[in-house]
Amino acid sequence: SAVISQKPSRDICQRGTSLTIQCQVDSQVTMMFWYRQQPGQSLTLIATANQGSEATYESGFVIDKFPISRPNLTFSTLTVSNMSPEDSSIYLCSVSGSNQPQHFGDGTRLSIL
Amino acid sequence: AQTVTQSQPEMSVQEAETVTLSCTYDTSENNYYLFWYKQPPSRQMILVIRQEAYKQQNATENRFSVNFQKAAKSFSLKISDSQLGDTAMYFCAFIGGGSNYKLTFGKGTLLTVNP
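So the sequences go chain by chain: A and B.
No gaps in the numbering here: position 50 of the first sequence is 50 in our numbering, and each next residue is one more.
Every position in the second sequence, counted from 1, becomes a number in our numbering once 1000 is added.
Okay, chain A solo, but in the shape it has when bound (with noise of 0.2 Å):
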């Protein structure tokens, strides 16, 4: 499976800033997708992130908020913006190829004092 590094792997944050994650692939991928983990609970879907054009958004979030860049077919980014406390999880970016399941990254605790 594609080795997937995420990064930064955590961070420290203060309310109304912005935080970009990086997520690179040790190969080209189809699919790439964020997902973010708040405290105890499963894992929400953010967004596609589609190579070449504008990310697709689940219900719930939209772009002003969580903008996502997917320049090439290893590498996307999601940025967090004008955070609050509310926005403390784990991110976590997957990628999958066709019929094949997700692997993830290692994720990236945030937390918004």
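Rather than coming from a laboratory, the hints here were simulated on the basis of the structure.
Keep in mind the model is a prediction, meaning the values are calculated, not measured.
Using N, Cα and C, we set each Cβ at its ideal position, and we do this for glycine too.
Do not take every clue at face value.
[Said to hold, decoys possible] Once the Cα atoms are required to be at most 27 Å apart in a straight line, the calculated DSS-like pairs of lysine-lysine come out as:
1. Lys65/A x Lys1102/B
2. Lys1055/B x Lys65/A
3. Lys7/A x Lys1102/B
[To be verified] Stretches of chain B that chain A covers, calculated by requiring three or more beta carbons in the stretch to come under 8 Å of a beta carbon on chain A:
4. 1039 to 1045
5. 1102 to 1114
With chain A's structure known, arrange chain B on it following the hints.
Here is chain B on its own, set in the frame of chain A:
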């Protein structure tokens, strides 16, 4: 919309014993994929096992096996010879047979293996 239900928030088992985690799902699709993921305290999501709905044979990966009952929409995970390293959150997940590849997760079951 698909839903995945894990009715056991927490479970515990003694080391070397066998434990079964339950999962049910709801879908109108005929072709789909089911997964069990493990999330230890390190928070990494690890794929444990995968089942294609069109396959009647239950998937097996070493000590991990599933009991897939398509008509009942049930997908339980059996862990044999439990080890301390199996302590983790276990999430059941579903992907529809369409082309979107989006995973729907259950709420998870926290499994503790006791020495």
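Now for the hints, and whether the structure bears them out:
| no. | hint | in the structure |
| --- | --- | --- |
| 1 | Lys65/A x Lys1102/B | 21 Å, holds |
| 2 | Lys1055/B x Lys65/A | 41 Å, violated |
| 3 | Lys7/A x Lys1102/B | 23 Å, holds |
| 4 | 1039 to 1045 | holds (count 4) |
| 5 | 1102 to 1114 | holds (count 6) |
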